[in-house]
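Listed here are the chains, written in short residue letters.
Number of protein chains: 2
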Amino acid sequence: MSKELSTEEKIREAAKRVFVEKGFDGCSSREIAKEAGMNVALVNYYFCSKKQLFKLVFETVMEDFMMSTLEVFKKDLSLESKLRIFIEREYEFLTSHPDIPRFIISELARGDKFEFDPRSILEKIEATGVFEELGKAQEEGIIRKMDLTNLMILISANCQYPFVGKPLMKHLNRLDDDQYSELITLQKQYVTEMLIGYLFIQKNK
Amino acid sequence: MSKELSTEEKIREAAKRVFVEKGFDGCSSREIAKEAGMNVALVNYYFCSKKQLFKLVFETVMEDFMMSTLEVFKKDLSLESKLRIFIEREYEFLTSHPDIPRFIISELARGDKFEFDPRSILEKIEATGVFEELGKAQEEGIIRKMDLTNLMILISANCQYPFVGKPLMKHLNRLDDDQYSELITLQKQYVTEMLIGYLFIQKNK
DNA sequence: ATTGATTTTAAACAGGTGTTTAAAATTTGT
DNA sequence: ACAAATTTTAAACACCTGTTTAAAATCAAT
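So the sequences go chain by chain: A and B. Note that my numbering has the first sequence beginning at 48, numbered continuously upward. Note that my numbering has the second sequence beginning at 48, numbered continuously upward.
Incorrect hints may have been included.
The list that follows gives simulated cross-link-like pairs (lysine-lysine, DSS-like), each with its CA atoms no further than 25 Å apart [said to hold, decoys possible]:
| id | chain 1 | residue 1 | chain 2 | residue 2 |
| --- | --- | --- | --- | --- |
| 1 | A | Lys160 | A | Lys57 |
| 2 | B | Lys217 | A | Lys102 |
| 3 | B | Lys160 | A | Lys217 |
| 4 | A | Lys81 | B | Lys57 |
Source of the hints: derived by calculation from the structure; they are not laboratory data. Since we're looking at a predicted model, the values are computed, not measured.
Produce the complete structure using the sequences and hints provided.
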């Protein structure tokens, strides 16, 4: 138990929890302060405004989310292994933080709230060499040729949607959290098999 | 041009636009009234409260969304044709209403805001005979055996995510709306081919 | 121990929130 | 044309919003 968090850190952590759960519009500065066990004025003392605190939280959440899985592509493995591990890690991360992609997507959708500059995060993604490796694999006939954005959507859809769409899927199938968690484990297997079967070009004959 | 909308209908339509775009927390009763060209008090005169108006809007949006595509399963076609048409219709609907699934998912995620009873919509889905047909196709070895919820997640993911995740995909790939729309068309083809290839059991030898 | 800087607090600010009220305007039925 | 019912309006209600202020408390350094 590391209780050695400074006031500033406590507020930032509380803000992350509250923002991710309720969204920028769905909570107040006072709620964040209370969650951190602090006074309202302290929020603005350390972070100037609700908007600025949000921007800071959003950027760290975004980076955590993107980087938690993409590190795999720095390793020395076959592309198929990397994809398998990527999916595994993505499901792992999202099982612990199921509401993060929904948070990111929802907040990005209301573009007027804040200006998000993707350059910094994009550089870090580039640095993993994913795009380079995928492009090369396409030219070598290892994986199917398609725009890398289409490829990204394909993989993201099958990894993120089971978590993003959970509230809808739960309601439509009348499931509780435990039942849904079981299905998620199966979903991961289906998705892995389907994506690899579709993306990788079979060599036999 | 049907300008024959009653005050009540004008408010409902305005509320739908505003709620879907900004979410329940992201807009005010006054904003909805202004969008409808009405006074604030009229909103509560016709709908009692913001919450109740929202509940009404949400339910109609939900039903439109679910029913726009599932009607296919009432037709007399092969299951593969139905799936192809389903995907086609889903992409068609979402191209016209790209923010509806994100709206539904976001609002369902904050369960405390209102109590949504899925029974009515579930009955309508059952009435199309989808579940029955899919179950039978599984027993006959036409399609892969898996829990129907997993199957629903698989299809929903590949149809809805390109639209739900659009803000994220656009940012990460630095695309404008036109570029993204082009990719969506391709995505539909990839998804159709992949899903059919994975779900339907090949008969040759 | 006293000073000075930093941190925390309670209180206030102007403006926005959902909702209600009561009067005005309009429509309806006779 | 009149009266009753319906619809629309402007104003007000109490409360919550993000932010600021100025005083109090705490800390650090001499």
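Checked hints:
no., hint, result
1, A/Lys160 <-> A/Lys57, "holds (24 Å)"
2, B/Lys217 <-> A/Lys102, "holds (19 Å)"
3, B/Lys160 <-> A/Lys217, "holds (17 Å)"
4, A/Lys81 <-> B/Lys57, "violated (40 Å)"
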